[in-house]
Each structure stands twice: as C-alpha cells, then as structure tokens.
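J.: So the chains spell out like this:
There are 2 protein chains.
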Amino acid sequence: MKGFKFAGIPAGIKKNKLKDLGLIFCEREASAAALFTKNKVVAAPVIIGKQTIKSGTIQAILVNSGNANCFTGKKGMEDALSCVKKLSLSLGIRENNILVSSTGVIGQPLPMEKFETGIPQVVEALSKEGLDDFAASILTTDLCTKIVERTGKIENIPFKITGIAKGSGMIRPDMATMLAFICIDVKISSGLLKRCLMTANEKSFSRISVDGDTSTNDTLFALANGASKVDIRDKESQKVFQKVLDEVCLELAKMIVRDGEGATKLIQINVKGARTKQDAFKVAETIAHSNLVKTAIYGEDPNWGRITAAAGRSGAQINPDTMALFFEDQALVKNGMWLGSEAEKKAAVLLKKKEIDITLDLNLGDESDHFIFCDFSENYVKINADYRS
Amino acid sequence: MKGFKFAGIPAGIKKNKLKDLGLIFCEREASAAALFTKNKVVAAPVIIGKQTIKSGTIQAILVNSGNANCFTGKKGMEDALSCVKKLSLSLGIRENNILVSSTGVIGQPLPMEKFETGIPQVVEALSKEGLDDFAASILTTDLCTKIVERTGKIENIPFKITGIAKGSGMIRPDMATMLAFICIDVKISSGLLKRCLMTANEKSFSRISVDGDTSTNDTLFALANGASKVDIRDKESQKVFQKVLDEVCLELAKMIVRDGEGATKLIQINVKGARTKQDAFKVAETIAHSNLVKTAIYGEDPNWGRITAAAGRSGAQINPDTMALFFEDQALVKNGMWLGSEAEKKAAVLLKKKEIDITLDLNLGDESDHFIFCDFSENYVKINADYRS
Chain A
663 MKGFKFAGIP
673 AGIKKNKLKD
683 LGLIFCEREA
693 SAAALFTKNK
703 VVAAPVIIGK
713 QTIKSGTIQA
723 ILVNSGNANC
733 FTGKKGMEDA
743 LSCVKKLSLS
753 LGIRENNILV
763 SSTGVIGQPL
773 PMEKFETGIP
783 QVVEALSKEG
793 LDDFAASILT
803 TDLCTKIVER
813 TGKIENIPFK
823 ITGIAKGSGM
833 IRPDMATMLA
843 FICIDVKISS
853 GLLKRCLMTA
863 NEKSFSRISV
873 DGDTSTNDTL
883 FALANGASKV
893 DIRDKESQKV
903 FQKVLDEVCL
913 ELAKMIVRDG
923 EGATKLIQIN
933 VKGARTKQDA
943 FKVAETIAHS
953 NLVKTAIYGE
963 DPNWGRITAA
973 AGRSGAQINP
983 DTMALFFEDQ
993 ALVKNGMWLG
1003 SEAEKKAAVL
1013 LKKKEIDITL
1023 DLNLGDESDH
1033 FIFCDFSENY
1043 VKINADYRS
Chain B
663 MKGFKFAGIP
673 AGIKKNKLKD
683 LGLIFCEREA
693 SAAALFTKNK
703 VVAAPVIIGK
713 QTIKSGTIQA
723 ILVNSGNANC
733 FTGKKGMEDA
743 LSCVKKLSLS
753 LGIRENNILV
763 SSTGVIGQPL
773 PMEKFETGIP
783 QVVEALSKEG
793 LDDFAASILT
803 TDLCTKIVER
813 TGKIENIPFK
823 ITGIAKGSGM
833 IRPDMATMLA
843 FICIDVKISS
853 GLLKRCLMTA
863 NEKSFSRISV
873 DGDTSTNDTL
883 FALANGASKV
893 DIRDKESQKV
903 FQKVLDEVCL
913 ELAKMIVRDG
923 EGATKLIQIN
933 VKGARTKQDA
943 FKVAETIAHS
953 NLVKTAIYGE
963 DPNWGRITAA
973 AGRSGAQINP
983 DTMALFFEDQ
993 ALVKNGMWLG
1003 SEAEKKAAVL
1013 LKKKEIDITL
1023 DLNLGDESDH
1033 FIFCDFSENY
1043 VKINADYRS
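If you read the sequences in order, they're chains A and B.
According to the working numbering, the residues represented by the first sequence are 663 to 1051, in order.
According to the working numbering, the residues represented by the second sequence are 663 to 1051, in order.
It is worth saying that the hints were derived from the structure and are not from the lab.
Quantities reported herein were computed from a predicted structural model and do not represent experimental measurements.
Any given hint might turn out to be false.
The list makes no distinction among identical chains, and a pair is therefore deemed to hold if it is satisfied within one copy or across any two copies.
Straight-line C-alpha distance at most 20 Å; calculated EDC-like pairs for lysine to aspartate or glutamate [claimed, not checked]:
hint : residue 1 : residue 2
1    : 677       : 963
2    : 737       : 786
3    : 1007      : 791
4    : 1008      : 991
5    : 815       : 786
6    : 1044      : 963
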C-alpha cells in the first residue's frame, strides 16, 4: 500500500511468545480520524488518543496486545506517554503525530522493559510487506487475522483502502469495535474523513455483537495519506469513497463476528416494519444479545418462540398478532401464527448453513434496522472461564 | 397448610412421563393478587389471568408445565378458557374464581385431549399433603422443587406463608418470575395483599437473573384464605406480615438462581455509593448480565477488570478513580487502583465458595441496590442448544 509501512514482532508482552507489538507508519503525515469506545471505564491510550487526534494529522500508530493498559491509573498514563516518547525518538517524528493503542487483560501495568527493547525492534522491522505481521501482532483470543483490501476509482484514478481489525470477545461496540485500523491513500480532510468513518461505522461495527460486553479499549482509526493523488472534495467523489469505505468496515465487522469466541455461525437479524427507527434497533439488538436465541442457533434449532419473546422484552412497540418471521425466505410465523412443523423442518435445514439471515417483520410501520451476531457455544464459556489462567 | 389442598400428576403433556399438571385449591374463596410479566409477547393464561384477578378473589389455580400456551393466537385463548370451564365443572366452583398458568415450550397448541382426562384426575388427587407433588408438576428444566415455608405471629396468633416456585432459564423477571405461588393463611384485603406482594417482589424476583431473558409467562400469584384468624389491618401487623412475605419471596428467588440452568454458584452483587437509585440499579443489573463476568466466576477467576468494565458500559454515572471493589471483605480495588496479586489470590480462594457477595462502591453518593445471579457454564449452552430436541 503506497506510502504505508507495517511491522509486527514478538516483544514478550504476551506469555506465549506470539507477536504482540505492531506498528503502522506513514511516510508522510496523514489526515486522521478515530472513533473511541463509549465505555466510561477507558484505557490510558484511549484517553491520550482522544487528545492527540484533535490535530487531525498522524504519522504512526503503535499497538500492543496482551495488556489493555486499562484501570491502571496514573501509572498507566505515564507508561503510555513514555511509549509515545520512545517511538518518537526511534522514528524521528513529532510526539503529537503518534497514537498508541493497547488490547488484552484489564488492570495490570504495562511491562515497560518489554517496550524498552521492543520499540526499536518494531521500528527496525517496518516494511512495505509487513501487513500480515502487523495484523497478527494485534490479536488476543482471535483465531485468525482480519485484513480487508478494496479499491475504487475516481475520475479514472484508482485508490485503495486496507483495513485491519482484531476482536473476538467483549464485542458489543458502542461506537467502534475492539481495534480497527483503516489505511487509505486518498487525499481527504480529517473532518470529512471523520464524517465518512462515522457513516461507515454506523452500518458495520455499531451493528455487531459477540457477547454484549463493550470493551474499554474499542477504537476505530483511519489514516489517509493522499498517495494515490485521488482528492475527495466533491459530493460525487465522496459517494464513491464512502461506498468502498463502507465495504471495508462491514467486511471487517463480519470477520470479527465470524471469529467470535466459540462462534460456529454468523447470523444477520433484519427487523422490518417497525414504527420508529429506534424500535427497529431495539428489537434487532435484543435478539442479537439473547443467550437463548444464540444457544438455540448453535443447536441448529429454529426456536422462533425465543426470537419473538426477545422482541417482546425489547421495550419496542410490538404486536404479536401482526408479526411475521422468516429464516432466509422460509416463513415460520405469519400474522402472529406459527406455520407448523413442516415450515420449521425447512428452517432447521437452513440453520445448518454457516451464515444465515433471519427477518422479523413487525408489520407496524416502515422503519428497519439490523444486527450481525454469532451463536453461543460451550467454547465461549471455556475460553472465558480460563482466559487469565 | 390450613384450608389449602394441592395436587400434581403426570397428564402426558410432557414427553417424559413426569408430573406436568398441578392444582392449588382453597376450601373457601381467598383474597388474591398477582403480578405478571412485562414482556409484550404474553401467553394466553397471562392475558386471561389479568382479567380474572381483578375481582380480588380466587379459589383455584391450575398449572401445566411442558407447554407455555404462548404465541398460540385465538386457539390458545380458547384452549385456556376451555381448561377453566372443565375445572369449574370438576370442582363445582365459579369460573371467575379460577386462574390458569402454563410454562414450557413457546408456540405449540395445548394438547387438549391430555387436559380432558387430566383435569378430573388432578381434582381427584387434591390433598392436604399434595404440596410436593404440586411443586414437582410445575417444573421444566429445573433440577429441584422450590418450596419455602415461614411462620410469623401477630398478637400471639401464629400465621403461615408457603411459597412454591419454578424457574431455571429465561430468567430475568421484569415484575415477577417464571411462576411462583404464595399461599397465605392470614385475612387481608386483595388490595393490600397486592401492595405487599409488590414490595416483596421488588427485593426478590425483580433482582435476580439467570440469563437475561424475560419470560412470556412470568407470574407471581398470592392467595390469602384467612384460615389462621390473623387479620392484617393496621401498620403493625402489616409490618410483621411483610417481613415474613419478604423472606419467602427472597428465598424462593434465590432457589431459582441456585437452580439456574448450568449454574454452579450464586452471586450477590451489591452496588453502593451511587448518585441515584437508578444508577445503582443499572450498574448492578449490567454486572449481573455480563457473560464475561459470569464465565469468569464459573472459572473461579476474580477478573475484576470485567466487573469494572461492565459498570463502565452500564450508562450510570461512574468515575473509575473513585471505585472500590470487594469480594466478601477482601478489597481488590481501592480509589481506582488494583491492590495487587496477593489481594487477588485471596479473592480467588473466596470464589471457590458456592455463594459469594461482591460489593462495588462507586463512592459518588449514598444510593445502593443489588442483584442476585448465577455463573455461566458449558452446561447452560448444552441445555439450551438441545432444549426442544
């Protein structure tokens, strides 16, 4: 990707010797925007990042996995700032052009001696081909790296967006997801970049859930370095750019759900016919977070009673007698009536697929919304009962 | 219990030949009150019960397990009313003195032929000693019956309260729990009985959670037949009565959590020092419903970072720097700072207990609240992936 370099190395922050320190470097200052978690318990790098991003230009992002640097008080802030200083010296760039980001266990101090030796090493490792190493270095309970590349064309000049994300548990993004980094080669103001990022986020990271727990470290970063010479200024170019950015964010968000802790299936719940947009959101969100719905889907049981019961407790205006429910195109409920065991058997066959769409039509109005979530298996429990041991 | 008879028989509604049809009968009309689920998808017996209870007097409650008679449309209403009629004929009492209640799978029609033969049999089986049979007949995924008996004295005359409940999954009562029946031998108006029941409910069934899913059939019933000659009229007698009623409801609520699907531990989260009562409730509720907190406790891991992160996403006003967290008397966090690995090891030892109190002090005000919940094991997933197969 023109103008960007990446690196990821094992610095000894994780116990298992896997890569745990990553770096994104822009050869020149990039327009930058970021969306941060709405959790009120936030990590030190989030507090610092919210300040740093205000300038709208960034040249490097340092990321560590294995330690969230959250609930670490004054020491955590000092440690994060000390990382910024070290990286500034190693790269020879200004401190206020550097963002730091951490993910991992909450509440333990950063092992600063590992950063002391690791930072010069990760700078040394920077290369045009370092993308896979970077994507690996930011993982925690993730089973796979998450990279999406898309290209577009504006006035016949090609541009490119590369997104990298991590996230598998503690996923109910309330603004952004665990960590996602979007590298872009168009020229765009940081203000417009932020608006485009918010639009893309609203349809992607803000509509996924693995387990309903919002992280303390969620951040979605975007860097645009202008290397493609494509300039996003008018409505037309913005529309093309937004479309590609939306695709990258949505695909990354889906990758997080597919790799959800213990997940075996990806489900999109579409809610239609709601009176208000908020009602549609509430119903979709409640269904996506119901452990009973998620375990039934894991068991490949089209237990529609749990879906309608979740809609009923969502707080939205609903009427059981007008509801219709579909697994893909297969209707299970119409006008509030169950369509019988034959329809259910067909739905059960559809549930054997890895990815499935479920649609609940409230038949009360014209508003709709959706949520993308995963099922819930014994492995989620195993992963999270043993996480720190 | 003076003036009450109970029965529970296998009527063939469940596939497994276990008891599934229960009856409570008062020899004379009792003052009655009931609290119903706030879920907007509600079962036919809930719709009917809300009407019937308005008279304030009830003489019999018929309960079946194995089928919730919910999302069954007009047919479900007709079936429930037909059960009322049959029971009225069998018992020789007025239809509007009868409540019906159902629990089990959502969305399938009641097998009416089983009720045809079962209702006369369950009437036949009524006896003073039928309490255990009744308690068994209302169970679904419960592993044990739930009966609590307490006595009190007012002006030296003894009175008694017997409570019976069922519930193990789909437990996040929003008004009342799955099903609970409180039999009382004092004389009390139905209006006052309802107020007392709401007070007791607020501290018991409304503060428990197994999995965050509110049932479509939740109902808390109370019947007071006056057989003890104790009359609840003045403030003094009401206070004594309320205390005993509170104890019965709280103990039943705890029994439901202890028998939560897959549960191995009962946890009470106490939130103190909140600015508002609502903030205290939000924080307690969010922690009690966090799958990450629940799986960590199952793993006997005092992962306090997940508890504080849940508080952070609760929507309540909190400040990480003023928080203190205790496992029983063992402090883990004070003034927003982790107290180190020794403190954590001691907390881990406390977590080996079957029941544990966790206290989060926000140190921002004087309001407090609590929630009682269970941990989250692989067995919850197994039970709910296979429930209907």
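J.: Check each numbered hint against the structure and report the violated ones by number, ascending.
T.: Hints 2, 3, 5 contradicted; others consistent.
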